[in-house]
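Student: Those sequence lines, one after another, are chains A and B.
FYI, my numbering numbers position 73 of the first sequence as 73, with every residue one higher than the one before it.
FYI, my numbering numbers position 86 of the second sequence as 86, with every residue one higher than the one before it.
Any given hint might turn out to be false.
No distinction is drawn between identical chains; accordingly, a pair holds when it is met within one copy or between any pair of copies.
Taking lysine to aspartate or glutamate pairs in the DMTMM-like style, the calculated list, with each CA pair at most 25 Å apart, reads [unchecked claim]:
id, residue 1, residue 2
1, 6, 80
2, 110, 23
3, 90, 105
4, 90, 35
5, 11, 43
6, 110, 25
7, 6, 87
8, 11, 84
9, 6, 84
10, 32, 80
Calculated directly from the structure, the hints in this document are not laboratory data.
Since we're looking at a predicted model, the values are computed, not measured.
Protein chains: 2
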Amino acid sequence: MEYSIKQVAEKLNLPISTLRYYDREGLMPLLKRTESGIRKYSETDISWLELVCCLRNTGMPLEEIKAFMELCLTGSSTGEQRKELLEQHKAFILSQMNMLSRSLEMINYKLANYNEIGIFHII
Amino acid sequence: MEYSIKQVAEKLNLPISTLRYYDREGLMPLLKRTESGIRKYSETDISWLELVCCLRNTGMPLEEIKAFMELCLTGSSTGEQRKELLEQHKAFILSQMNMLSRSLEMINYKLANYNEIGIFHII
DNA sequence: ATAAAGGCTAAACTTAACTTCAGGTCAACA
DNA sequence: TGTTGACCTGAAGTTAAGTTTAGCCTTTAT
Chain A
1 MEYSIKQVAE KLNLPISTLR YYDREGLMPL LKRTESGIRK YSETDISWLE
51 LVCCLRNTGM PLEEIKAFME LCLTGSSTGE QRKELLEQHK AFILSQMNML
101 SRSLEMINYK LANYNEIGIF HII
Chain B
1 MEYSIKQVAE KLNLPISTLR YYDREGLMPL LKRTESGIRK YSETDISWLE
51 LVCCLRNTGM PLEEIKAFME LCLTGSSTGE QRKELLEQHK AFILSQMNML
101 SRSLEMINYK LANYNEIGIF HII
């Protein structure tokens, strides 16, 4: 099954302009076109895009995602490097989660103050 | 106790340029200066900055932080609004954490594949 | 008294990640 | 056959959040 850019945009909830941008930036090296130049996304393209979104949403820069992709394209010899890259990003995500929960604590503390009658000091 | 911009930068681990930028953007309305115009940060300024960093690190735009600050300055009548704003941001943080843990799962799944001998397919 | 270290400003520059625009092509259907 | 809707490109514009630069002033230590 193949999908038009519009269908992919709806499926992944991304703007069409972003899909074109990712392609332009070389993040979709396997993406095929019709003779007349229209993009046709395969299931594999979509899986790859899902991974791109996952990495992007968790703060990996497109440059790095591209580097990862290039490792994938190079073949099985890069397995260790790819693993290393994902491990690093995993550590990054864990530290993000950590920061979020510390911030959450701070905010809960503020909110608790707001709930005590009359405690509305500055900050 | 009062602090110079350099001391604050070290304490909060922020570049001096960022501290000046925050001030320039109106995020430090209570910040005092010496006669000759040098910033002197009070303990309160530092607490406020810590909150700013907490909100900023968790994805709140400076514009919104500023809006929150202005509510704080307006006084106790804005208690409900401030509470509402923090509650919303709390919900945002929770959804962030959610996304991070879903992404973590995906990455763990990829990593598990890398650990199985010979499974180094594309993507 | 003077030099070094630290402070100040306004304005320009940077970066990532998109989005918008202008102008053109393609495909399907009434 | 023509018009409508979806697609294309290259180039320019946008936005947030800073950073850098240039030129100048102040404070402190020698």
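Student: Take the hints in turn and mark each one as holding or not.
Tutor: Quick rundown of the hints versus the structure:
no., hint, verdict
1, 6 to 80, "neither (36 Å within a copy, 43 Å between copies)"
2, 110 to 23, "between (44 Å within a copy, 23 Å between copies)"
3, 90 to 105, "both (23 Å within a copy, 10 Å between copies)"
4, 90 to 35, "neither (40 Å within a copy, 50 Å between copies)"
5, 11 to 43, "within (12 Å within a copy, 50 Å between copies)"
6, 110 to 25, "between (43 Å within a copy, 24 Å between copies)"
7, 6 to 87, "neither (33 Å within a copy, 36 Å between copies)"
8, 11 to 84, "neither (30 Å within a copy, 33 Å between copies)"
9, 6 to 84, "neither (35 Å within a copy, 37 Å between copies)"
10, 32 to 80, "neither (29 Å within a copy, 54 Å between copies)"
Taken one by one, the earlier hints fail for this structure at numbers 1, 4, 7, 8, 9 and 10, listed in ascending order.
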